[in-house]
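J.: So the chains spell out like this:
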Amino acid sequence: MAESLFYLLIFPGITFQLVCGWFFEWFDRKLQARFQRRVGPRWFQPLADLLKLFSKEDLLPSGANEFAAAALPLISLGAVLTAGVYVPIAGFSPASFEGDLIVIIFLLSVPTLAYYLAGIISAGIYSVLGGGRSLLQFFSYEVPLLIALSGPAVMAGTWSIREISSIQAEMGPFVLFQPIGFILAVVGLIGKLKRSPLDIPKAKSEVVAGSLTEFGGVKLAIWNTVMNIQAVVGIFLLVNLYSSWSGIVAPVLAVPVFFLESVLMIFVLSAASAVFARLRIDQLAGLGWKVLVPLALLQLLVVILMGV
Amino acid sequence: MFRTAMDRVYRWAQKNSIWVLSFNTGGCNGCDIEILDLLTPRYDVERLGIMAEASPRHADVLLCTGPVTRQARSGLWQIYSQMPSPKWVVAVGSCSNTGGMFLDSETVLGGVDSVLPVDVYIPGCPCRPEAIIEGLVNLIERI
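Chains A and B are the protein sequences, given in the same order.
The numbering of the first sequence is the working numbering, which starts it at 1 and goes up by one.
The numbering of the second sequence is the working numbering, which starts it at 1 and goes up by one.
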């Protein structure tokens, strides 16, 4: 009992996820600032932003559904925190079971659907536009992402993330066998996190702030936390699936290597944001269905043929 | 006891995280370009926790530029009332402070303080980015 509470509240659970989320936001903003030759935010910036938003008045436009506006960010927060508990941290996962990869993929999609609903119920033109765009983007990146993520599972012959990550000790990190799949998964992750260059649903110069335009105060704070934790869980998931070194290097080095790889992933995401310009929604749909899906199917075919 | 401690924490957070919405009430765009300078590498205000936001619901500070014209008055008031409190208003540039050289025009009501309560006035036509940063730091010290 005490052990499960510790797992839920402290280590792979809420506290650890929150701290990682703050670190992610700070490191990402700092990196992007350095890419643009700026100084960037101070180390406590995400915490100050969060507390500031908690101290603000809670306003919604008339016509918005207050219950849904309060429930949707909480549901998303619950979904991403639950997903965080199932992702192994350097081989440590207290709640692993066969098929948890599918559960995590589903749980990480919940915030996107909630984001769409938040746009619809908050009664603003920009929110509705942002919500519609987020759903259209969802249909573009999700299919190649799913096919790409099934590559490691097919190769390892199991749908449990811990098994996939531990079998790489014998077979070698999967990123060596599935480089295309890894790149597709990174692109899909960028789309899932709605980060630049795939920040179509919340493009500042087009739809103000997308679905979250009408949200302020505590609700916005929870939404920001959801986005950060979603990013952290997605990064941990990709590191586990594609480049798990925990069985290869010495046990002492497993944890540092795991976090080093995660930091490198943040670096990749920030560099992509800083280098590429935003795609139009039709460009993204074309890219998703004409380029990414065929590539993902090709990668899956290669994986299956390698296993035969 | 707990309440005052929380208030102090919140005040610290408000000082260190200022999200800014800029609104042109009918000016010549000169001050807006100076405001854009704040985001560039030379003046980078993100190191002070200041961030440009596009939605009034996310903003803490309304940076107004230009004299308030009759047409812009209702829009200005609407934007201000959409911002969740605590919120502050900064008048950037001479036009925004007093109406400037357009004060006698029949379509101009005057400075921003003819519509909204203003916390900080930053003079200049257009004001330098350093002046805007100093004004914002003054505001931060008074929070």
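Hints were generated in silico from the structure; no laboratory data involved.
Note that the Cβ used here is the ideal one computed from N, Cα and C, for glycine as well.
Be aware that one or more of the hints could be misleading.
So the derived label-pair ranges between C-beta atoms look like this [claimed, not checked]:
id, chain 1, residue 1, chain 2, residue 2, range
1, B, 2, A, 1, 45 to 51 Å
2, A, 290, B, 134, 49 to 55 Å
3, A, 263, B, 7, 33 to 39 Å
4, B, 73, A, 282, 38 to 44 Å
5, A, 68, B, 33, 39 to 45 Å
6, B, 137, A, 271, 40 to 46 Å
7, A, 39, B, 141, 37 to 43 Å
8, B, 85, A, 44, 45 to 51 Å
Selected chain A positions facing chain B (in silico; Cβ < 7 Å) [said to hold, decoys possible]:
id, residue
9, 30
10, 31
11, 34
12, 37
13, 39
14, 45
15, 55
16, 63
17, 66
18, 69
19, 203
20, 214
21, 218
J.: Okay, which hints does this one fail, numbers in order?
T.: 1, 6, 7, 8, 9, 10, 11, 16, 17, 18, 19, 21
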